[in-house]
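Enquirer: Taken in order, these protein sequences are the chains called F and S.
All residue numbers for the first sequence refer to my numbering, where the first residue is 1 and numbers rise by one.
All residue numbers for the second sequence refer to my numbering, where the first residue is 1001 and numbers rise by one.
Source of the hints: derived by calculation from the structure; they are not laboratory data.
Predicted model, so just to flag it, every value in this text is computed and none were measured.
All C-beta atoms in this analysis are idealised placements derived from N, C-alpha and C, irrespective of residue type, glycine included.
Take the hints with a grain of salt, since some may be wrong.
Stated by the list, open to error - Chain S regions said to be covered by chain F (calculated; three or more residues, Cβ under 8 Å):
| no. | stretch |
| --- | --- |
| 1 | 1036–1050 |
| 2 | 1066–1074 |
| 3 | 1078–1091 |
Said to hold, decoys possible - List time: in silico PhoX-like cross-link candidates among lysine-lysine, alpha-carbon distance up to 20 Å:
| no. | chain 1 | residue 1 | chain 2 | residue 2 |
| --- | --- | --- | --- | --- |
| 4 | F | 111 | F | 101 |
| 5 | S | 1072 | F | 72 |
| 6 | F | 17 | F | 111 |
| 7 | S | 1017 | S | 1101 |
| 8 | S | 1111 | F | 69 |
| 9 | F | 22 | F | 156 |
| 10 | F | 17 | F | 84 |
| 11 | F | 84 | F | 22 |
| 12 | F | 140 | S | 1111 |
| 13 | F | 84 | S | 1069 |
| 14 | S | 1140 | F | 111 |
| 15 | F | 84 | F | 140 |
| 16 | F | 111 | S | 1084 |
| 17 | S | 1069 | S | 1091 |
| 18 | S | 1101 | S | 1111 |
| 19 | S | 1084 | S | 1017 |
| 20 | S | 1101 | S | 1011 |
| 21 | S | 1069 | F | 72 |
| 22 | S | 1017 | S | 1156 |
| 23 | S | 1084 | S | 1022 |
| 24 | F | 91 | F | 72 |
One letter stands for each residue in the lines below.
Protein chains: 2
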Amino acid sequence: MIQQYTEADRKRLSELKELVFKSGFADIGFIDSMGRPSIRRVFCTWHRGLKAHLISTNTSSLHVQELMKNEKACLYFENSSQFKGLCLSGKVIVHHEPEYKELLWEEGNEKYYPQGVTDEDYCVLEFVADSGRYYMSLGKGDLTAEELEDGATEFKQYQA
Amino acid sequence: MIQQYTEADRKRLSELKELVFKSGFADIGFIDSMGRPSIRRVFCTWHRGLKAHLISTNTSSLHVQELMKNEKACLYFENSSQFKGLCLSGKVIVHHEPEYKELLWEEGNEKYYPQGVTDEDYCVLEFVADSGRYYMSLGKGDLTAEELEDGATEFKQYQA
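Full structure from sequences and hints, please.
Expert: This is the structure in structure tokens:
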């Protein structure tokens, strides 16, 4: 089904993409094994439109351990000075496959992962959104499935 | 029981208080009625040490409606440029009592709450922490109950 975008829809979608692609960071929300919500700040520069996002991290870290038990997560992008926020809801897949680990590996990462790109403590989280709620000065609302998929063809790295 | 603080403990506690008191904003994490974690950015300038925090907000907003059904919440303070983060875990109490609403009322709030300080859509969230996990360049760890209560005598407003 093709969605008919109004000019306001297109402007909002473009602003939300700019918020996400230029953020550099995101807050990931998860539920710990005691059923409590928790948040961590993560680097997040790899995006497939608004639909999916990659995050390199330590397998041993608490949030990865909890996400392996409960995949439900949210990813929040915000710009307080512009009063913009986007809360994506979805799930996290923990990747140990070389194709993901090689894609996100950067020079200097040996500092965090002494064994290099095959270090077992190095993994890549893929967050996949199934819905999204935005807060902007122009108003708040929910993203449609079409908006989430808009331009979401492949993962690309963006400069914050 | 009196905790014996080392100099490093005192320095860390002081840095975490500065992070919280100068932040101006926080991210509140909650669980929605579908069991999904969710995050909202909120103004947060009223603190009772690291233990409790007040947030003025709209009763009708989605996160308040969800927090009335499930009080479990977290409050996350961060400074990305300094690589500091503090995730407090606890619960939220929704206050409609005049003493809370009057304490946080500010000139110009009529813009959001046309009925003034008694507007039913105006309420104050009190977040009370029972644990906290910090992430700093010096290391990560958990706050003790004594650290959470340190200097937490009364609510004060801080300038970000």
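Enquirer: Please list, smallest to largest, the hint numbers that this structure does not respect.
Expert: Violated hints: 6, 7, 8, 13 and 20; rest satisfied.
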